[in-house]
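Q: Below are the chains, spelled out letter by letter.
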Amino acid sequence: MRVALFVTCLVDLFRPTIGFASVKLLEEAGCTVEVPRAQTCCGQPAYNSGDRADAKAIALQVFDGFAGYDHVIAPSGSCAGMIRVHYPELFADDPVNLPRAQELARRTWELTSFLVDICRMEKVAAHWEREVTYHDACSGLRELGVKLQPRRLLASVAGLRLKELPGAEVCCGFGGTFCIKYPEISDKMVTDKEADIAATGAAAVLAGDLGCLLNIAGKLYRQGRRIEARHVAEVLAGLTEKVPPIGAPR
Amino acid sequence: MLATSRDFEANARAGLANDNLQRALGLARSGFPLRRQLAVERLPEFDRLREIGRSIKDHTLEHLDFYLELYESKVVASGGKVHWVRTPEEACAAVLQICRSVGAKIVTKGKSMVAEEMGLNEFLEANGINPVETDLGEYIIQLRREPPSHIIAPAIHLMKEQVAETFRTAHRSLDSERSLIEPRQMCDEAREVLRPRFLSADVGITGANFLVAETGSSIIVTNEGNGDLTQTLPRVHIVVTSIEKVVPTLEDAATLLRLLARSATGQEFSSYTTISTAPRRPADLDGPEQYHVVLLDNGRSALLGTDFQDMLRCIRCAACLNHCPVYAAVGGHAYGWVYPGPMGAVLTPSLIGIEETGHLPNASTFCGRCESVCPVKIPLPKMMRHWREREHAKKLSPPVYRTGLFLWARVARRPALYHALAEVASRVLGWTGQYRGRFRSLPLATGWTAVRDMPAPEGRSFHSLWAKRHK
Amino acid sequence: MSDGRERILGAIRKSLKRGPLDSNTAAQLRGRVAAHQRNLIPARAMALDHAGQVDLFITMAGEVQATVARVGSLAAVPEAVADYLAAENLTAELVVAPDPNIDAIPWEARPLLRIRRGRAEGADKVSLTPCHAAIAETGTLMLISGRETPTTLNFLPDTHIVVVRRDQVVASYEDALDRLRADRASDKLPRVINFITGPSRTADIEQHIELGAHGPRCLHIVLVEDGGAIGSAEDDEQRNAAAQ
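Chains as they are written, first to last, in the numbering used here: chain A, 404 to 653; chain B, 11 to 481; chain C, 575 to 818.
Take the hints with a grain of salt, since some may be wrong.
[What the hints assert, rightly or not] Some chain C residues flagged as far from chain B (calculated, every beta-carbon gap over 10 Å):
{"no.": "1", "residue": "A600"}
{"no.": "2", "residue": "A650"}
{"no.": "3", "residue": "P652"}
{"no.": "4", "residue": "A654"}
{"no.": "5", "residue": "L664"}
{"no.": "6", "residue": "T665"}
{"no.": "7", "residue": "A678"}
{"no.": "8", "residue": "W681"}
{"no.": "9", "residue": "R690"}
{"no.": "10", "residue": "G772"}
{"no.": "11", "residue": "D778"}
[Claimed, not checked] Listed below are several chain B residues computed to face chain C (Cβ distance under 10 Å; list not exhaustive):
{"no.": "12", "residue": "D68"}
{"no.": "13", "residue": "V92"}
{"no.": "14", "residue": "R96"}
{"no.": "15", "residue": "D198"}
{"no.": "16", "residue": "D296"}
{"no.": "17", "residue": "P298"}
{"no.": "18", "residue": "Q300"}
{"no.": "19", "residue": "D317"}
{"no.": "20", "residue": "M321"}
To be clear, the hints were calculated from the coordinates, so they are not data collected in a lab.
In this text, a Cβ means the ideal position worked out from N, Cα and C, and glycines have one as well.
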């Protein structure tokens, strides 16, 4: 299968490791991976700010950049959800572009759900001796049904023990521009989240969305916790020895 | 009711700093979702019932004029009267006129959010009539002169010590040495104090969870029994309600009732679900002599045929409030009007205008938990987003965000420029942040770094690294 | 007020971008209402036979803190009531619904029980009523108002005792509503239908559940195994027809 990686703006800027981990996993699953250059963002910041015009313009760019691939994969439930669920809504009144949106939506996936549900990947070769807990990022969970897939693959990581997080499905308070616009409310939400994480006793927290992870990691450090934050892709791809966790010195 | 939604930010801050409120919200945040979950797991058909409930409501809304006319004809045929009112002012006037016609001095009330919309209590007091809230939570906040903070548990923001203090201050005739520590004692005291009011009331006012077109009935769903005493003992029963509450048949009501209690409190059914149809019959030994329905529009008709029509499906269960992390952080008063939480974030702008209430649909991460628990599948985040679109079109959001968004979008639409800037930013921030791995403070991101560190980028953008690898 | 009516209906139609419904559609909708078809009913009680439904009713009622005593016939009710009041340390005094369905209870078998028939007043502590149906799905009692079943009996006293005949147990709310419709000569509903599921309660203070907020603190159900003695649905119908 010839697939395209939708890098996502946060991965591109903050943590390319996640992109490379995704490529590695997709290649392990037997895919040929390309990274279209003409991609920037999925348009969600504009869309969620009520700016449909810019969101549509960016979406059209995505249609063009990702045409022709069997599948489009994003290491983010939020961006994959934008394309799968919201692009068709964005073009609901546009008979020319709606079919393009629907067609792209059908072949766009969050990474772990693609690996498990489409590639039927059952295990990975990675090993990591750690007790971890897992935060279910909202978009992936509720828009795309991503829940069991990352856990399935993590269960195959040698040495890894997963302790479920109470309130795993409660929002961490990132919410894109929300954490900037309503910082005190966001802080309350992320404080509750990091307290829940610390209470599990786990040494690391994983998730499938970098926005959540930047938020959670930032709070863990500020609270003085020694808990690592990593994207699930980097753990599954076996990069934990090579790359320090999010927010750690290089 | 006067809205303070404009002050959401300050109200939210006050809520976050209020220790009593935070403790109270902590109790609610853990309790409600678990109880709902257990009730849902116990009923395998729950999800199919949600779909049916949604379609019952959608069908009714598409034919709302028909069902309201049918409803009225049935009310009249059984000896009741319907007062069609467009605004809170007209609604208050209608209630006052009925009260005056029987020389009412004391009016008992069951819980009604429509009555809060109307500002009914203040209006009656200003006109020499004494309204007595009888729902325990409503009674407590009436004594404290506060608005409700939750649509089914109005006093949820209070700890028991605060309730005790309120009762001590208000119930002066009781022994000041009495013990008032446990909720049991306060409940008994309220029962004792309110019983004579029930018995002496001239008029009883309730809301309605549903109106049934088939039979001209109103349905109230309660646990305390106060609604039933309110509507049975006085000579006059007034139902204050709104146009979207009507459903076609008793069977349709039964379906929605299966969804309501489970979604609200996790109960299989409420203690008292009462279907009322008109005044007492000639041979009845008790019951009101008059039955009036004050049927309020207040902007709901204007939502039909718009992006917001789905909001009219709401059956006021409060599941969305109970599952919302923003509500759980700031409490109901922050929203500044009758309806808090996700449903309030959509309905409040619809009823009193987005100019006053702009913060409400913005103070959301769109986590989607509300929609996932809504018994009638209202797409709440989608409708909050529609409000954001209206604000964007009207240029109502603060200039700094509009400008930031504008610049960001211009860059995002130019991949080459975007990649160049991303590479620069990741190099600069990556280089400055490499020793600690994160920033304790960052200019232009003080909202973030005031409370959390900002992890540093790895130093090169993905695209530049990819391009290098694949030369 | 008719001005308000026309304006609101007009506003609704304007928003829906149409005028009043055409006569065909209106007739269809009237038909839909008249048919009052059942929507999906959970299998929980429907899949059981009647004995199973009775057991389910008792279990569900117990879950909401109603108490249930089973007796063989109406003749055993006075003893069951006297025992209950004694066990609960309540005065042996009750106000009873003047309903022919329970007139046959031989109160004279327990002469120390003081019985008054009529509606409830503020000072009454214990009431006893029949019911119209007992719904197994959630342990819910359906009581209807009428000249023989004043509503105050259900709400004013601290303790409410309900006599349920075994053959009044039905599976669902819809079954109970159908029985009501069948039992009534006219198509008008009683002034009030009370669906009662356990005693009164509140959780308004710190989420603590307390029973007896404003309505009864205690709901006691006396389930009479032999249903026939106090009349059947047909008897009710004849009685109601005579009352019109």
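Q: Does each hint fit the structure? Answer for all of them.
A: Hints, one by one, checked against the model:
{"no.": "1", "hint": "A600", "in the structure": "6 Å, violated"}
{"no.": "2", "hint": "A650", "in the structure": "28 Å, holds"}
{"no.": "3", "hint": "P652", "in the structure": "23 Å, holds"}
{"no.": "4", "hint": "A654", "in the structure": "23 Å, holds"}
{"no.": "5", "hint": "L664", "in the structure": "17 Å, holds"}
{"no.": "6", "hint": "T665", "in the structure": "18 Å, holds"}
{"no.": "7", "hint": "A678", "in the structure": "21 Å, holds"}
{"no.": "8", "hint": "W681", "in the structure": "20 Å, holds"}
{"no.": "9", "hint": "R690", "in the structure": "12 Å, holds"}
{"no.": "10", "hint": "G772", "in the structure": "5 Å, violated"}
{"no.": "11", "hint": "D778", "in the structure": "4 Å, violated"}
{"no.": "12", "hint": "D68", "in the structure": "12 Å, violated"}
{"no.": "13", "hint": "V92", "in the structure": "8 Å, holds"}
{"no.": "14", "hint": "R96", "in the structure": "6 Å, holds"}
{"no.": "15", "hint": "D198", "in the structure": "8 Å, holds"}
{"no.": "16", "hint": "D296", "in the structure": "5 Å, holds"}
{"no.": "17", "hint": "P298", "in the structure": "8 Å, holds"}
{"no.": "18", "hint": "Q300", "in the structure": "12 Å, violated"}
{"no.": "19", "hint": "D317", "in the structure": "12 Å, violated"}
{"no.": "20", "hint": "M321", "in the structure": "13 Å, violated"}
This entry does not satisfy hints 1, 10, 11, 12, 18, 19, 20, going by the numbered hints stated previously.
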